[in-house]
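**Student:** What follows is each chain in one-letter form.
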Amino acid sequence: MAAQALRHTPLYEEHKALGARLVDFAGWEMPVQYAGIKAEHEAVRTVAGLFDVSHMGEVVIKGPQAEDAVQRLVTRDVSRLSVGQAGYAAVCYESGGTVDDVLVYRIPEDFLIVVNASNREKDVAHFRENTGDLDVEIIDESDDWALLALQGPRAAELLQPFTQTDLSAIKYYRYEVGEVEGVYAVLSRTGYTGEDGFELFVRPDDAPRVWRRLIEAGAVPVGLGARDTLRLEAGMCLYGNELDAETTPLEAGIGFAVHLDKEQEFVGQEALRRENEAGLKKKLVGFKVEGRGIARHDYPVAVGGETVGSVTSGTLSPTLNEAIGLALVAPDVEDEFEVVIRNKPVAARTVPLPFYKRDKK
Amino acid sequence: MAIPEELQYTKTHEWVRREDDVATVGITEHAQDELGDVVFIELPEKGASFGVGDAFGTVESVKAVSDLYAPVGGEIVEVNEALNDAPEKINEEPYGDGWIIRLRVSEETDLLSAGEYEKVLEEEE
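Residue numbers (the working numbering), protein chains in the order written: chain L, 725 to 1085; chain H, 19 to 143.
No lab work stands behind these hints: they were computed from the structure. Just so you know, even glycine gets a beta-carbon here, dropped at the ideal spot from N, CA and C. Be careful, since some hints might not be right.
[To be verified] Below, computed lysine-lysine pairings styled on DSS-like, alpha-carbon distance capped at 30 Å:
| hint | chain 1 | residue 1 | chain 2 | residue 2 |
| --- | --- | --- | --- | --- |
| 1 | H | K29 | L | K1012 |
| 2 | H | K29 | L | K1007 |
| 3 | L | K1007 | L | K846 |
| 4 | L | K846 | H | K81 |
| 5 | H | K81 | L | K1081 |
| 6 | H | K137 | L | K1068 |
[As the list claims (entries may be wrong)] Under 7 Å between C-beta atoms, here's a sample of chain L residues computed to sit facing chain H:
| hint | residue |
| --- | --- |
| 7 | Q757 |
| 8 | G760 |
| 9 | I761 |
| 10 | K762 |
| 11 | A995 |
| 12 | I1018 |
| 13 | L1040 |
Isolated chain L (complex conformation) (with noise of 0.2 Å):
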């Protein structure tokens, strides 16, 4: 193993005495899970799990043009965001293809850009070559932070005593600047498991106090293992599986952050209103295996022994108890088809996105 090469958060430390299984995601060794996929997506299903995303990407655009540099890289009308707030958006090519999913985050003067971690030198260099000509700054802050995600029904309650922040007070997708446990920290209400829940932005060194006493508090450490089944029953996209260079946000069912009326243009516009009018060459489509079996990336998507597509995320959905997924299919495929699972077709039915919502109270 090259595990010297690999990178690691502030939290490792913590990761390795919690006896956590440590995988090579995206070049940093991660935890995939400490006490089991299973009981760690249940604890975030019903009362709370931490997470160390820390391994993401924080870029900062700062400068006189920074909010018509963001306008340029990003799908969404960032004019619409207030401070305070943050949006998922898209980051395109000029043909239209994904070069990143992302929240971007309105801070008072500039804006922060949270990446995926596989995604970070790529979308610098992308950031920088398309904004050349405008007076900005774009600052790769990403060791700078350590980020933690608590998320679970309880994770508000779980939360509160240890910051004088009202966090009832934080709508969804909004964050205040504050302290946790005494530290600097970012608490945004956002997240990636389809529960309610924070994220935290806390300096590297002040991490590990922060996590050991969250987990002291209850919160259930939770690997890459459940974040990605959770998503996937959240019916969220993961970057690599439904969305790449070759397929375009609208394809890829994110249309929701993809304002292609923006007055101001981004870089893929063009293309997406074209694919738009034209109409989509492929779609992706939430399912559920009706037969035996799982399906997983990459899997064909048949019908009448034709493939029309491939599953993009498949598993076993830990809260349903059924095999569900998500797949990039030809845009005619109609409710049935199947998944050819070890060359075995299997029978498939397409379902509404999200497979899990959680009540609202």
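Since chain L is already given, all that's left is putting chain H on it; use the hints.
**Tutor:** Chain H alone, transformed into the frame defined by chain L:
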């Protein structure tokens, strides 16, 4: 990790218990631990025959799919159907109720002793 002395093993982490010409096969405690929560198993039909090293089924955890290889060759005389509804037995009792198939042995090869298998695990570390 338990490695019972009385069993024989493969490098692909199956175990074998011999009783006369019938061999019971399962996966080792190490294998189930590596896989994580087992959620699905594909079992062969009773009466099917497999040669040494043939893939006779698959076991899937939440994250991964893993083929099962026949440590000995022969005809399947029994499959653990209970695993279809309770695949987690493989995690809970890999050497007990988590057994997978029974074969009438017609082809054999050198298998690992518990001590030899332990060395294989140490080398993998």
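**Student:** Taking the hints in turn, state whether each one holds.
**Tutor:** Now the hints, each set against the structure:
1. K29/H / K1012/L: violated, 36 Å
2. K29/H / K1007/L: violated, 43 Å
3. K1007/L / K846/L: At roughly 26 Å apart (the allowed maximum being 30 Å), K846/L and K1007/L satisfy the hint.
4. K846/L / K81/H: holds, 27 Å
5. K81/H / K1081/L: holds, 22 Å
6. K137/H / K1068/L: violated, 37 Å
7. Q757: This interface hint holds because 6 Å falls under the 7 Å limit.
8. G760: For G760/L, the interface hint holds, since the closest Cβ of chain H sits about 5 Å away, which is under 7 Å.
9. I761: For I761/L, the interface hint holds, since the closest Cβ of chain H sits about 4 Å away, which is under 7 Å.
10. K762: For K762/L, the interface hint holds, since the closest Cβ of chain H sits about 4 Å away, which is under 7 Å.
11. A995: Since chain H brings no Cβ nearer than about 35 Å to A995/L, farther than 7 Å, the hint is violated.
12. I1018: holds, 5 Å
13. L1040: holds, 4 Å
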